[in-house]
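Offset between the sequence shown (1-based) and the numbering used here: plus 254.
What the hints contain is simulated information worked out from the structure, not anything from laboratory work. The structure presented is a predicted model; accordingly, all values stated were derived computationally and were not measured. Glycine residues also receive a C-beta, built at the ideal position from the N, C-alpha and C atoms. You may find that some hints are simply not true.
Listed next, with one range per pair, are the computed distances between beta-carbon atoms [what the hints assert, rightly or not]:
no., residue 1, residue 2, range
1, G670, A322, 28 to 36 Å
2, Q433, G522, 34 to 42 Å
3, A488, A456, 39 to 47 Å
4, F582, R471, 50 to 58 Å
5, A456, L534, 42 to 50 Å
6, G583, A669, 28 to 36 Å
7, L545, W349, 34 to 42 Å
8, A669, L480, 28 to 36 Å
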Amino acid sequence: MPERGVPTANRTTRAAIPKTGHPTPALRRTGLLVTLVLGGLTATPPLAMDMYLPALPEVTRSLHAPAATVQLTLTACLAGMALGQLVIGPMSDKWGRRRPLLTGLTAYVVATALCAVAPNVELLVTLRLVQGLAGAAGIVIARAVVRDLYDGMAMARFLSTLMLISGVAPIVAPLIGGQILRVTDWRGVFAVLTAVGALLAALVWAKLPETLPAAERHPGGVGEALRAMRVQLADRAFTGHLLVGGFAFAALFAYIAASPFVVQEIYGASAQTYSLLFGLNSVGLIAVGQLNGRVLVGRVGLNRVLGTGLALVICAATALLLMSLGVFGEPGLPAVAAALFVLMSAMGITLPNAQTLALMRVERSAGSASALLGTSSFLIGAIASPLVGVAGEDTAVPMAVVQLAAALVALACFAGLCRTRTRTAPAAPGAPAEGAEER
Numbered sequence: 255m256p257e258r259g260v261p262t263a264n265r266t267t268r269a270a271i272p273k274t275g276h277p278t279p280a281l282r283r284t285g286l287l288v289t290l291v292l293g294g295l296t297a298t299p300p301l302a303m304d305m306y307l308p309a310l311p312e313v314t315r316s317l318h319a320p321a322a323t324v325q326l327t328l329t330a331c332l333a334g335m336a337l338g339q340l341v342i343g344p345m346s347d348k349w350g351r352r353r354p355l356l357t358g359l360t361a362y363v364v365a366t367a368l369c370a371v372a373p374n375v376e377l378l379v380t381l382r383l384v385q386g387l388a389g390a391a392g393i394v395i396a397r398a399v400v401r402d403l404y405d406g407m408a409m410a411r412f413l414s415t416l417m418l419i420s421g422v423a424p425i426v427a428p429l430i431g432g433q434i435l436r437v438t439d440w441r442g443v444f445a446v447l448t449a450v451g452a453l454l455a456a457l458v459w460a461k462l463p464e465t466l467p468a469a470e471r472h473p474g475g476v477g478e479a480l481r482a483m484r485v486q487l488a489d490r491a492f493t494g495h496l497l498v499g500g501f502a503f504a505a506l507f508a509y510i511a512a513s514p515f516v517v518q519e520i521y522g523a524s525a526q527t528y529s530l531l532f533g534l535n536s537v538g539l540i541a542v543g544q545l546n547g548r549v550l551v552g553r554v555g556l557n558r559v560l561g562t563g564l565a566l567v568i569c570a571a572t573a574l575l576l577m578s579l580g581v582f583g584e585p586g587l588p589a590v591a592a593a594l595f596v597l598m599s600a601m602g603i604t605l606p607n608a609q610t611l612a613l614m615r616v617e618r619s620a621g622s623a624s625a626l627l628g629t630s631s632f633l634i635g636a637i638a639s640p641l642v643g644v645a646g647e648d649t650a651v652p653m654a655v656v657q658l659a660a661a662l663v664a665l666a667c668f669a670g671l672c673r674t675r676t677r678t679a680p681a682a683p684g685a686p687a688e689g690a691e692e693r
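Using the sequences and the hints, build the whole thing.
Written out as structure tokens, the structure is:
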């Protein structure tokens, strides 16, 4: 008998049906509380990075380091989150969700507090790596908990809801970071992040129960986790959606890493103006994410929506590249901000649907699958980060090139690996089959 979790062509997808003996009905009744806790966990990356973004130019001056080196603090945090997920995801399949999650959050709080007193950029890069490694627990386990509780279209809707909550962080974080910089320096940003991390750890301790019963855990340790990952990667559609999500995330992170310098140094905007523009872009991402969860899911095939999102990202990245090269003369900040708004908004239908379509291929070993998804995204994003600064601080061309190249690779993976005719559960009349993937 094949192991559960090996995708098959005739596999039936459940629509949020609890497993036998699984505590999901009681947990789901907590509704908003569980959603808020999981949303807080998925908000860890934007809190750790976006609140710090307005301070990047100040860090270069304070620590007497070049911009490319300071951008490595973002790369280190992102790489840590990628590698941490690869370890913590399988750990959560073996020991349950709570223990690895609470351990990771505790280490995250300590590392963030040490970032606030780092005396030089080299130590700050190292501490950001540790911060990312520990913070990975919230990202990977939140996704695994969602997979414990939901499947199919219900999972797609829940992930879109999480995007609403985690999307508030990119709006609020740069605004808070900009305001903090008015009364203190960049070290105060890390002090606030420490307090937020401690609050989230306390909330998880008090309010988030275990969602993976002992009977469904993997006793085999690292070996079994690696075998599960090998099985998942052998599935063409899972790997395709993993790569689509990873390269889409690279386009997003190129924006995150380069936009402080593009907006503030090239176009002369203040830290507060940058924070407002960043928040506006995040509003677009949230709005489109909610359109995805409340309107599109169940009415339009998930692959079709994903393809539309990729097309929008490519159009926006192409426009940014042409403007950066001066094809349209001097477009000014409003035109550049409009293109960035389209790119960010398109992520609201690209990222959750890529993750959902990948997780729908996995029934067991959700922690390992979530680790693969997160690790691939963050590693690809970490590679993209230093590339946006290779030509210095005076041009937006590298950012646009990285975004367009990443989006085109994502489209190639989508066309070459994801377009199967696998069908799962029948859909309601007039809607595509749940899990159906159109050519």
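Now the hints, each set against the structure:
1. G670 / A322: 28 to 36 Å: holds (34 Å)
2. Q433 / G522: 34 to 42 Å: With Cβ atoms ~20 Å apart, the hint is violated.
3. A488 / A456: 39 to 47 Å: For A456 against A488, whose Cβ atoms are near 41 Å apart, the range 39 to 47 Å holds.
4. F582 / R471: 50 to 58 Å: Holds, at about 57 Å.
5. A456 / L534: 42 to 50 Å: violated (32 Å)
6. G583 / A669: 28 to 36 Å: This hint holds: roughly 35 Å between Cβ atoms.
7. L545 / W349: 34 to 42 Å: Because 38 Å falls inside the window, the suggested range holds.
8. A669 / L480: 28 to 36 Å: Distance hint for A669, L480 holds at roughly 30 Å.
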